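*Asks:* Chain by chain, the residues:
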Amino acid sequence: MNATIEKPRVRLVMTDTNRDALQNKELVYKTSELNLWYGDNHALKNIDLDIYENEVTAIIGPSGCGKSTYIKTLNRMIELVPGVKTSGKIEYRGRNIFDKSYGVEELRTRVGMVFQKPNPFPKSIYENVVYGPKIHGIKDKKVLDQIVEESLKGAAIWDEVKDRLNENAFGLSGGQQQRLCIARCLAIEPDVILMDEPTSALDPISTLKVEELVQKLKKEFSIIIVTHNMQQAARISDKTAFFLNGEVIEFTNTDKIFSNPADKRTEDYITGRFG
Amino acid sequence: MALQKTSNSFSVQELIQKKKQKKSKILQVEKIVPFVLLLTAIVSVLTTLGIVLTLIAETITFFTKVPIQEFLTAQKWYPFSETQGSYGILPLVAGTLKVSMIAAIVAVPIGLASAIFLSEYASDRTRRIIKPILEVLAGIPTIVYGFFALTFVTPLLREIIPSLEIFNALSPGIVIGIMITPMIASLSEDAMSSVPNSMREGALALGSTKFEVAIKVVLPAAISGIIASIVLAISRAIGETMIVAVAGGSTPNLSWDVTSSIQTMTAYIVQVSQGDAGYGTTIYYSIYAVGFTLFLFTLGMNLLAQFISRRFREEY
Numbered sequence: 000m001n002a003t004i005e006k007p008r009v010r011l012v013m014t015d016t017n018r019d020a021l022q023n024k025e026l027v028y029k030t031s032e033l034n035l036w037y038g039d040n041h042a043l044k045n046i047d048l049d050i051y052e053n054e055v056t057a058i059i060g061p062s063g064c065g066k067s068t069y070i071k072t073l074n075r076m077i078e079l080v081p082g083v084k085t086s087g088k089i090e091y092r093g094r095n096i097f098d099k100s101y102g103v104e105e106l107r108t109r110v111g112m113v114f115q116k117p118n119p120f121p122k123s124i125y126e127n128v129v130y131g132p133k134i135h136g137i138k139d140k141k142v143l144d145q146i147v148e149e150s151l152k153g154a155a156i157w158d159e160v161k162d163r164l165n166e167n168a169f170g171l172s173g174g175q176q177q178r179l180c181i182a183r184c185l186a187i188e189p190d191v192i193l194m195d196e197p198t199s200a201l202d203p204i205s206t207l208k209v210e211e212l213v214q215k216l217k218k219e220f221s222i223i224i225v226t227h228n229m230q231q232a233a234r235i236s237d238k239t240a241f242f243l244n245g246e247v248i249e250f251t252n253t254d255k256i257f258s259n260p261a262d263k264r265t266e267d268y269i270t271g272r273f274g
Numbered sequence: 000m001a002l003q004k005t006s007n008s009f010s011v012q013e014l015i016q017k018k019k020q021k022k023s024k025i026l027q028v029e030k031i032v033p034f035v036l037l038l039t040a041i042v043s044v045l046t047t048l049g050i051v052l053t054l055i056a057e058t059i060t061f062f063t064k065v066p067i068q069e070f071l072t073a074q075k076w077y078p079f080s081e082t083q084g085s086y087g088i089l090p091l092v093a094g095t096l097k098v099s100m101i102a103a104i105v106a107v108p109i110g111l112a113s114a115i116f117l118s119e120y121a122s123d124r125t126r127r128i129i130k131p132i133l134e135v136l137a138g139i140p141t142i143v144y145g146f147f148a149l150t151f152v153t154p155l156l157r158e159i160i161p162s163l164e165i166f167n168a169l170s171p172g173i174v175i176g177i178m179i180t181p182m183i184a185s186l187s188e189d190a191m192s193s194v195p196n197s198m199r200e201g202a203l204a205l206g207s208t209k210f211e212v213a214i215k216v217v218l219p220a221a222i223s224g225i226i227a228s229i230v231l232a233i234s235r236a237i238g239e240t241m242i243v244a245v246a247g248g249s250t251p252n253l254s255w256d257v258t259s260s261i262q263t264m265t266a267y268i269v270q271v272s273q274g275d276a277g278y279g280t281t282i283y284y285s286i287y288a289v290g291f292t293l294f295l296f297t298l299g300m301n302l303l304a305q306f307i308s309r310r311f312r313e314e315y
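Residue numbers (numbering that gives the first Met the number 0), protein chains in the order written: chain A, 0 to 274; chain B, 0 to 315.
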């Protein structure tokens with residue numbers, strides 16, 4: 000049993016979630032009283048969220064609700080925005096990511112990210128995949144070749160690109176580019192993959208492929224996905240958090256949130272009354 | 000669809016009809032505009048062609064007086080003696096190359112480092128202050144740099160290298176390097192800043208440090224612009240005249256020694272143009288031959304730049 004769950008604190012985490020603790024699922028991210036400001040704009044308010052391994056956690060909510068901000072806080076990419084201030088704690092595998100001693104590069108080596116718009120580097124497909132391993136010091140050509148094959152297979156794009164690994168990644172279609180970005184992320188074998196609306200720039204068929212991929216990947220990785228698309232959240236996630244105006248309104252198992260939401264605002268959003 | 004009018008006095012369509020008379024004139028102008036613009040474009044093309052043709056014509060005349068083998072292979076450039084004149088371009092080329100290489104050795108690392116700082120590390124505020132200053136540096140008249148080389152840099156260098164002559168290749172080379180550094184910094188910074196942020200984010204999210212992002216992602220992505228800036232700057236160094244005329248001396252010599260007096264192609268042209276070389280003399284034609292050689296050098300640089308930037312382009 001996971002001791003951290005038993006703390007007598009008022010948390011938004013529902014009992015369904017606690018059940019996972021009993022199933023021996025390990026806690027990956029534990030967010031406690033996280034606040035974030037862009038200058039004077041209070042963008043995240045007292046966020047408490049627990050994320051477990053080998054699950055897909057979807058974050059939904061209307062535009063500007065803070066869902067992208069939150070996911071970018073998890074690997075501290077948010078700090079690239081000037082004037083960002085945070086308070087509270089995010090523990091990743093038991094260690095506060097805001098600790099001075101926690102190197103941001105170390106964190107990002109464990110927590111990969113896939114962005115809204117595919118952003119391959121203007122290099123060959125091969126070079127894109129090996130970028131991560133290379134900067135972390137892997138030089139052996141044989142090992143790199145193997146990483147490329149495994150990562151591209153992992154991202155379900157190997158068959159499409161295996162004959163043109165040395166071509167520029169920009170020659171790929173948008174959907175292929177996005178799967179290449181996922182492969183690039185897999186190449187350093189992260190523990191968690193953050194996905195920030197990974198399919199919003201893709202056509203329906205590419206979207207379907209990425210969704211299938213997410214299902215496959217959750218066996219090995221913990222995935223947190225921000226999505227605008229509620230059907231997508233319903234299709235692929237195990238848990239769903241509903242964000243509104245910088246607050247977590249509801250966080251529970253996906254089937255529950257879509258069939259029987261506890262909060263009126265969640266219900267209104269899910270049934271399409273706003274957002 | 001009827002628009003609700005605030006007053007009943009006019010109809011837009013009527014107004015358009017009224018203006019139609021005028022509009023036919025405007026249409027005529029529209030037809031003329033491309034021709035006028037084409038003419039202005041042709042002016043610069045024709046000027047270039049004219050310059051090249053004059054250069055070629057006079058150069059050919061020069062080669063009727065001096066055999067081309069001598070021009071290309073003779074080891075001495077000594078045009079001022081009518082009887083034993085020697086017209087070997089190599090010493091002048093050596094002077095130009097020495098100075099340009101010293102300039103490049105100074106300018107490329109400093110320029111690139113400044114570009115990386117400005118584009119990847121500097122805050123908006125710092126960039127807004129430093130970039131205009133760099134661009135002002137590029138606007139200083141080169142004669143001022145020439146004096147700076149002769150009266151400040153040379154004495155300073157002589158403290159370190161006592162054998163340095165008053166006129167030498169090192170001092171003007173360094174000063175030309177200082178002169179072209181802002182050019183490399185500013186143009187490379189433009190190239191690096193135009194690399195989309197999404198690429199930096201992609202690399203940072205994989206655990207790269209800022210420096211790794213700059214060197215392994217931004218620099219390669221901007222390489223065509225960076226090479227263009229370097230070649231442009233070196234072309235400028237090759238063509239630079241005043242600094243070498245003031246601080247380089249006027250002794251053409253074919254050696255890799257940077258401490259002794261030299262003469263570059265440009266400085267030679269200045270020397271002859273100032274002097275009293277009579278029209279039609281061999282010396283008079285020699286400046287065209289030297290000018291043409293200079294032109295081939297810069298042309299070669301530009302072609303090289305185009306080739307390299309096409310070859311290494313990383314499109315985004």
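No lab work stands behind these hints: they were computed from the structure.
Only a predicted model underlies this, so the values are computations on that prediction, with no experimental measurement involved.
Be aware that one or more of the hints could be misleading.
To be verified - DSBU-like, lysine-lysine: derived pairs with alpha carbons at most 35 angstroms apart:
(1) A:LYS116 to B:LYS215
(2) A:LYS138 to B:LYS130
(3) A:LYS133 to B:LYS22
(4) A:LYS116 to B:LYS22
(5) B:LYS215 to A:LYS152
(6) A:LYS122 to B:LYS17
(7) A:LYS161 to A:LYS84
*Asks:* It remains to establish, for every hint, whether it holds in the given structure.
*Replies:* Going through the hints against the structure:
The hinted pair formed by LYS116 of chain A and LYS215 of chain B meets the criterion: a straight-line CA distance of about 21 angstroms does not exceed 35 angstroms. Among the hinted pairs, LYS138 of chain A with LYS130 of chain B is inconsistent with the structure: their alpha-carbon atoms are about 38 angstroms apart, more than 35 angstroms. Taking the CA atoms of LYS133 of chain A and LYS22 of chain B, the gap is about 64 angstroms. The hint is violated against a cut of 35 angstroms. The suggested pairing of LYS116 of chain A with LYS22 of chain B is violated, with an alpha-carbon distance near 46 angstroms, which exceeds 35 angstroms.
With a C-alpha separation of about 25 angstroms, the suggested pair LYS215 of chain B and LYS152 of chain A falls inside the 35 angstroms cut-off, and the hint holds. The straight-line distance between the Cα atoms of LYS122 of chain A and LYS17 of chain B is roughly 59 angstroms, outside the 35 angstroms bound, and the hint therefore fails. Using a Cα cut-off of 35 angstroms, the hinted pair LYS161 of chain A and LYS84 of chain A is violated, with the two alpha carbons roughly 44 angstroms apart.
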